[in-house]
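Enquirer: Spelled out from the first residue to the last, the chains are:
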Amino acid sequence: MATETQRRTDIGPPHYEKFLHPIIKENYGKWKYHETLKPGVLVHYGETGSIYTVRAASPRLISTNFIRMVTDLADKYSEGYFRFTSRNNVEFLLGNKDNIEPLIKELGDNGVPVGGTNNAISNVVHTQGWVHCHSSATDASGLVKVVMDELFEYFGSMKLPHKLRIAVACCLNMCGAVHASDIAILGVHRTPPRIDNETLPNLCEIPTTVASCPNNAIRPTSVEGRTTVKVDEDKCMYCGNCYTVCPAMPLADPLNDGVSIWVGGKISNARTEPMFTKLAIPYIPNNPPRWPEVTDAVRNIVELYAKNAKPYERLGEWINRIGWPKFFDLTGIEFTKYHIDDFRYAGTTYRRSLHNRY
Amino acid sequence: MATETQRRTDIGPPHYEKFLHPIIKENYGKWKYHETLKPGVLVHYGETGSIYTVRAASPRLISTNFIRMVTDLADKYSEGYFRFTSRNNVEFLLGNKDNIEPLIKELGDNGVPVGGTNNAISNVVHTQGWVHCHSSATDASGLVKVVMDELFEYFGSMKLPHKLRIAVACCLNMCGAVHASDIAILGVHRTPPRIDNETLPNLCEIPTTVASCPNNAIRPTSVEGRTTVKVDEDKCMYCGNCYTVCPAMPLADPLNDGVSIWVGGKISNARTEPMFTKLAIPYIPNNPPRWPEVTDAVRNIVELYAKNAKPYERLGEWINRIGWPKFFDLTGIEFTKYHIDDFRYAGTTYRRSLHNRY
Amino acid sequence: MSDDLKTPLLDELEKGPWPSFVKDLKSMAGKSAMVKDLLGQLEKSYRDKRGYWKHGGLVGVMGYGGGVIGRYSALPEEFPGVSHFHTVRVNQPSGWFYTSEAMREIVDIWDEHGSGLTNMHGSTGDMVLLGTVTDELEPTFRALTEKGWDLGGSGSDLRTPSCCVGPARCENACYDTLALTYNLTHNYQDELHRPMFNYKYKIKMSGCPNDCTAAIARSDMGIIGIWKDDIQVDQAAVAEYVDSGLNIQEFVVEKCPTGCISLEGKEIKIDNSECVKCMHCINVMPKALSPGKERGAAITLGAKAPIVEGALFGSVMIPFMKLETEEDFEEMHDLIERIWEFWDEYGTNRERIGEFIERVGLATFLEGVGLDPIPQMVKQPRDNPYIFYEEYFEEGEN
Amino acid sequence: MSDDLKTPLLDELEKGPWPSFVKDLKSMAGKSAMVKDLLGQLEKSYRDKRGYWKHGGLVGVMGYGGGVIGRYSALPEEFPGVSHFHTVRVNQPSGWFYTSEAMREIVDIWDEHGSGLTNMHGSTGDMVLLGTVTDELEPTFRALTEKGWDLGGSGSDLRTPSCCVGPARCENACYDTLALTYNLTHNYQDELHRPMFNYKYKIKMSGCPNDCTAAIARSDMGIIGIWKDDIQVDQAAVAEYVDSGLNIQEFVVEKCPTGCISLEGKEIKIDNSECVKCMHCINVMPKALSPGKERGAAITLGAKAPIVEGALFGSVMIPFMKLETEEDFEEMHDLIERIWEFWDEYGTNRERIGEFIERVGLATFLEGVGLDPIPQMVKQPRDNPYIFYEEYFEEGEN
Ligand code: SRM
Ligand code: SRM
Ligand code: SRM
Ligand code: SRM
Ligand code: SF4
Ligand code: SF4
Ligand code: SF4
Ligand code: SF4
Ligand code: SF4
Ligand code: SF4
Ligand code: SF4
Ligand code: SF4
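Chains A, B, C and D, in that order, give the protein sequences. Under this note's numbering, the first sequence has 243 at position 208, and the numbering climbs by one with no breaks. Under this note's numbering, the second sequence has 179 at position 144, and the numbering climbs by one with no breaks. Under this note's numbering, the third sequence has 913 at position 67, and the numbering climbs by one with no breaks. Under this note's numbering, the fourth sequence has 1074 at position 228, and the numbering climbs by one with no breaks.
Worth double-checking, as some hints may not be accurate.
Simulated crosslink set (DSSO-like; lysine-lysine; CA at most 30 Å straight-line) [stated by the list, open to error]:
| id | chain 1 | residue 1 | chain 2 | residue 2 |
| --- | --- | --- | --- | --- |
| 1 | A | 140 | D | 900 |
| 2 | C | 1225 | A | 361 |
| 3 | A | 198 | D | 1115 |
| 4 | A | 73 | A | 111 |
Okay, the calculated bits of chain A under chain C, using three or more residues with CB under 8 Å as the criterion [to be verified]:
| id | region |
| --- | --- |
| 5 | 220 to 232 |
| 6 | 304 to 317 |
| 7 | 362 to 373 |
| 8 | 383 to 390 |
Hints listed in this document are in silico derivations from the structure and should not be mistaken for laboratory results. Yeah, the Cβ is synthetic: ideal placement off N, Cα and C, and Gly gets one too.
Given only the sequences and the hints, what does the whole structure look like? Please build it.
Expert: The structure is reproduced here in structure tokens:
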């Protein structure tokens, strides 16, 4: 029993070396180049041998059952070695080429597709949502499921002009990669926090709460003798920062919570510098379980990108080439005052040249 | 005598038509194209005829003697028609090609060179300086004279990669085109305003004066009973806005006033969008009458541009191609903390990508 | 000061090939005591490395608030000739076109009433008559108006509009810059002469995106010519350029910011849907290319120098409007007045229109002046999620 | 709630080709009451369109301030199984490499002590063990440490560092991301487990500018591989690509952001002095091109999500540093500690390092951490004239 042994702390994670496939150990840092044998299957050529990667999808929110399935397949096909990717896919690392097809087959039997490499839509970086977070304006796992169902063909193929990265976050904290993704789905609150004057005085530190608001919308006040806070609703843009520091100021509002759609971000330095994601659709009401308006909107954008972008153009690079006016034309998305920046650096987003398309 | 006649107001400027050469009237709005016959000489082809332009230099600060010389030459060679350019050159508009050379000759006899077209350094857009303005940190006309003496060869030739536009302004008000020029020379004050507590109470409105400071460096105070203002010197960046509204707060300081050198701005939309001028040299002390350190610095930049830029590259476009690190290397100008922006949009000037040159 | 003028420092500026203002001024020093003392004071400035002018006082002509910049020497005893040295701003004709006859009338007036010194022209565009005494302001004004000239702007008013040479001598002009400048200047004489704005309001007009008047950098309102349809191409002339040895591939095709030009043999193709109207290709091959047929102007607002919120380029308010008919001009008046009204009502003292727009936000400004938001007004949509939603669902709906 | 679980809405998420978390969760619902009630509460959230979690409370394991996210249901009576539903963040191994054996130990522990649900992995990089009760936290921790695992970060501490696959399976790696991640994680165990910063501090390591861990967007400190010298070219392999039909002109040469590549026949030339190390050409022709020989990493600081000053990408603090020897690693420790010290002293509560740098200004920050300003740190020098000069001439000098 654990409790009988001496308690250990600050031991840190185990050394990675013991988890590395022998072929990887031998060729560590000595890889020559790689090829993509087919969607989801990579080979990296080293000095003394090659390692084969089979990339399998994962919902990320997974049970120990799912994980045991993965470990069993790893034992059977990849000498027990596998890893996860920075986008939460599972990568089986095979020494033996011949195991590729059987592994893919058995993954399929378990309902797990293979893909996500090169010019594909890979797994969706996402967050907790209604499954675990108090702050969420929408669910994350459900949105990922319906979006990937909708775009499934693009996971297992490589027919897009280039990589397309999708992220989901369930509130403005953006625990995913929303602020720099080709397409992002962001949960939004749209009404100011509702203040619970009963509990606030006990639960929250007034100065910290007041200070938490970027727009100085929060002021101390007193209700029935108790010191609490009030919110100047005109100044509030629903960021939720106050709620993070003060539980008595929840923003959840079933009627008005929902999602917004963002496009054109990227992280890599390839060709163009990293770009932030920009607003495409300010608001779509939550419509669980399958958010059809969201999946339609995303498919529309993806298909226009697939059809019109040139090879090696990321979504944002494509939009920069054709210009935002054309993007709104093509997608049929309405350009509104909400699209015009009014935050800190707003002035830098105005069109300050004659360069324009008509 | 003027006084006997009826006083007229709000009549506005005369109609331009009566100042247009007949050939221009005929071909107004119907020009086909133009050619540059030689430096300073343009021909514009119209439907019914051609107009020849001879562009002559002008110090801009000119006496009626100079102007009478111009009008006499116009009568003699361009049917009395001439104009000034947006950069203060004189343009004689000739109907007769044969008058070009005689005109150029006689201009030369009067010490007036011809040029400034195409890939040349044209006249310097500038301001008043010590000749007329209370606000100046340096002289303008003198700086223009010594800089154009230094760069004279580039006015009468077209051997630069492209146009190069120079501006001079004698204080941060920038009455010239300093904020968007290929090279700009800007007069700078470098010490806070000295407050004249004697006169201030009578001369200045305290609230307006306090409000005039972008950095809230100015506070009301009282000295010997009089309400006046004091300046928090750490917050002052010597912009002079307080002096503009309050004469009792002069910034002039012979020891510390001087000029700064800026590069890489442009106005046109050709190829690249308009660009602001950026800091090259934070400070060079005033050294009249010929500011040798300034002329050396400018020549150095111009010659590197002439040598290294590709055709059709403006100075700023050249720098963007080679990168700022290389610009500082080539010019031998030291990069200092003063070059790092710390104003409103500073954050947008940090290098937020891996794109870099080593 | 002693009668004979000694200017050892300024004399250094008589040297060198560029025309010397010192030589020129000295040529006046005989006729004009003002010029003599100006040279004297300037020599002292060169020696002491500082200006000797007092802060401008409020002087002017009857009934006008603008057009004159008051200036007094800080050393009136030493240099009595410049104890007063006011500037008179005279409104230039559209495009700075003159005849020698008209110009002579002006210099005659100035020799009689002022120092005989000028700036041709000031940065805003005026003829700047440099240096006279208070008593001569009114006579100068009368003499000028008699000959058909009027003053320009100064202070918190409409500043003297100016424009590029445009259709008078340029094949690129997309609208009549001279006509519009004349029209606006005359239509707004009151706003030009009697400061009643929050701050100065400058209008500059360029006939095409080359922007030869720096409208996008130096005018609160820039009216810059542009076209909407396809660039006009004369393929025969393109071939000529090819034959003449112009490297079209390197200097045109590869320099196009959107890469929308291609060269096939001696023909060029332009994908105009991606052209951003930058002018480069037209500039390089003026004989072969010219702006499209559907011409007009884009309106930019807010350009200014850095004091105090930082320099601004103008930002596009109207990407394209026609400027041909009387009605078009009236639409322009209407727009200008809507802008002035909103700025007047909500702007603060000494707040330029560009600073005002940044403060209230572009979206709010558009509502205020009655323009619909369109993507051409921005480089890109917002990248931050701080949206002030204005429509809510209430209990019961939805 | 009644024993048999009805989830008509969630059932809709069992449909479709993408692996269904609902199916998976249901497969656990039998074994785990927690999962069953989680599904129940989630179904209710789907019906009511809102979450039912209370604001996280402070729970954890003895002596640690981080590593556990407290979570309580707002409907404990209805869903007792999730009345407590805390998260345990377990520090992943470098590069997320596992063996089935090691992974089984973890899931065994989690089946015994928790809900059996996980995120593999959390966005910061941890193994996220999702859902257990307060009493099981300490036992879970003991079981994990016995097998050699430890917790990750949460709260205002060093967050669990993570890195890309790097040299373990990538030819582009410019330094050993796995080794540095291991080294930093172990070197800063105290900072990782015991929150004492102003706010969270995330470190992400990518082996090259492709930045496969999104370091420049999602980490307060990004350590991103780069090289200094010339791109290595295997011209024979270039020729192979040409023969294989790759359009190098269109897809490589014309896509190079600085146009510094040219193709002559089957050979390419690169003007490396203008190369900005964007990786594109290498990405397209991995067999022919690879990063130079002089390899290391660039250090970026300040990336973060938008709350509250707006999202930031990291900005370059050190354009290049070697990361090969022990000394190099120690230099890195030294740098990190100087940064923490200065941030600690002058930063405010809940102020991320990126917001801190913007507030005090980059120049001040550099002085604070003892770095010299160099042009590689900025896109461009300042374009405004508001310079706070610090050196003056006093009377007497000069
Ligand atoms: C496995 C993984 C790293 C890891 O440690 O987990 C990885 C691995 C590789 N990346 Fe990556 N990247 C991985 C996440 C990323 C990310 C981060 C993210 O998506 O959140 C990025 C930045 C995305 C962005 O820019 O928004 C990323 C941007 C790239 C790029 C740049 C693409 C571009 O041109 O913008 C390349 C180069 C390419 O694809 O040509 C690249 C190339 C590669 C190569 C080919 C590198 C190599 O030679 O092995 C690897 C296989 C790529 C592939 O998937 O076909 N990898 N790669 C990650 C797989 C995630 C997944 O499951 O899909
Ligand atoms: C006369 C003048 C307009 C006026 O009403 O006074 C003018 C006239 C012409 N400009 Fe200009 N520009 C004039 C000031 C400007 C300015 C404003 C300024 O310099 O303050 C600019 C913006 C400068 C900038 O971008 O910083 C300007 C940017 C251009 C350009 C764009 C150059 C570029 O590629 O960036 C062209 C096209 C070209 O030169 O190829 C151009 C082209 C021309 C052409 C060729 C147009 C034409 O077809 O006639 C005219 C003769 C050009 C020449 O000088 O060779 N003009 N031109 C101005 C002469 C000033 C002078 O005395 O030198
Ligand atoms: C005469 C002239 C300079 C010249 O030598 O040409 C000039 C001269 C003065 N300007 Fe200017 N400005 C002149 C064009 C400009 C320009 C350029 C332009 O108009 O294209 C600018 C930059 C563009 C802009 O408007 O932002 C300019 C930006 C300023 C500013 C800063 C305004 C701002 O908001 O940034 C001030 C300060 C102020 O307004 O109080 C200023 C103030 C002044 C004052 C009145 C000094 C003062 O603080 O009261 C100067 C009077 C000097 C004198 O004693 O004669 N002047 N001023 C120009 C007007 C001549 C004309 O009417 O044609
Ligand atoms: C679990 C995780 C999301 C996930 O599903 O993977 C997560 C979950 C939470 N994040 Fe996060 N963040 C997680 C990665 C991120 C990331 C992405 C990253 O690290 O790469 C970001 C954006 C990058 C960044 O750090 O800026 C992120 C930005 C935030 C913020 C905004 C911080 C900011 O300065 O902008 C908050 C708000 C806060 O810190 O109070 C936040 C707060 C939270 C809290 C603790 C909610 C709160 O307000 O206290 C969430 C707990 C949810 C729950 O109940 O489990 N989380 N959070 C990620 C950590 C797992 C792990 O350790 O591996
Ligand atoms: S994005 Fe918001 S709601 Fe989602 S996990 Fe992060 S903090 Fe929670
Ligand atoms: S939600 Fe954001 S803006 Fe609104 S009150 Fe809270 S902290 Fe302020
Ligand atoms: S720049 Fe300054 S000093 Fe020069 S004229 Fe304008 S206001 Fe006067
Ligand atoms: S000079 Fe500028 S910063 Fe200094 S006190 Fe005056 S207004 Fe303020
Ligand atoms: S702005 Fe255009 S139209 Fe006007 S002069 Fe310049 S090139 Fe010609
Ligand atoms: S005008 Fe500019 S953008 Fe348009 S085709 Fe010519 S070069 Fe290209
Ligand atoms: S960041 Fe570079 S080194 Fe790391 S996996 Fe991606 S491509 Fe390879
Ligand atoms: S790495 Fe990028 S910048 Fe460098 S040569 Fe290759 S494509 Fe060009």
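Enquirer: Does each hint hold? Answer for all of them.
Expert: Okay, the hints, checked on the actual structure:
1. Taking the CA atoms of residue 140 of chain A and residue 900 of chain D, the gap is near 43 Å; set against the 30 Å cutoff, the hint is violated.
2. At most 30 Å may separate the alpha-carbon atoms for a hinted pair to count; residue 1225 of chain C and residue 361 of chain A meet this at roughly 13 Å.
3. Taken as a hint, the residue 198 of chain A and residue 1115 of chain D pair is honoured in the structure, with Cα atoms around 27 Å apart against an allowance of 30 Å.
4. Between residue 73 of chain A and residue 111 of chain A the alpha-carbon distance is near 21 Å, which keeps this suggested pair within the 30 Å criterion.
5. Given as covered by chain C, the region 220 to 232 of chain A passes the check, having 4 residues with a CB less than 8 Å from a CB of that chain where 3 are the minimum.
6. As drawn, the region 304 to 317 of chain A meets chain C at 6 residues by the rule of a beta-carbon pair under 8 Å; at three or more, the given contact holds.
7. Residue count for the region 362 to 373 of chain A with a Cβ under 8 Å from a Cβ of chain C: 6. That meets the three needed, and the coverage hint holds.
8. Coverage of the region 383 to 390 of chain A by chain C holds. Counting CB-CB distances below 8 Å, 8 residues qualify, and the rule asks for three or more.
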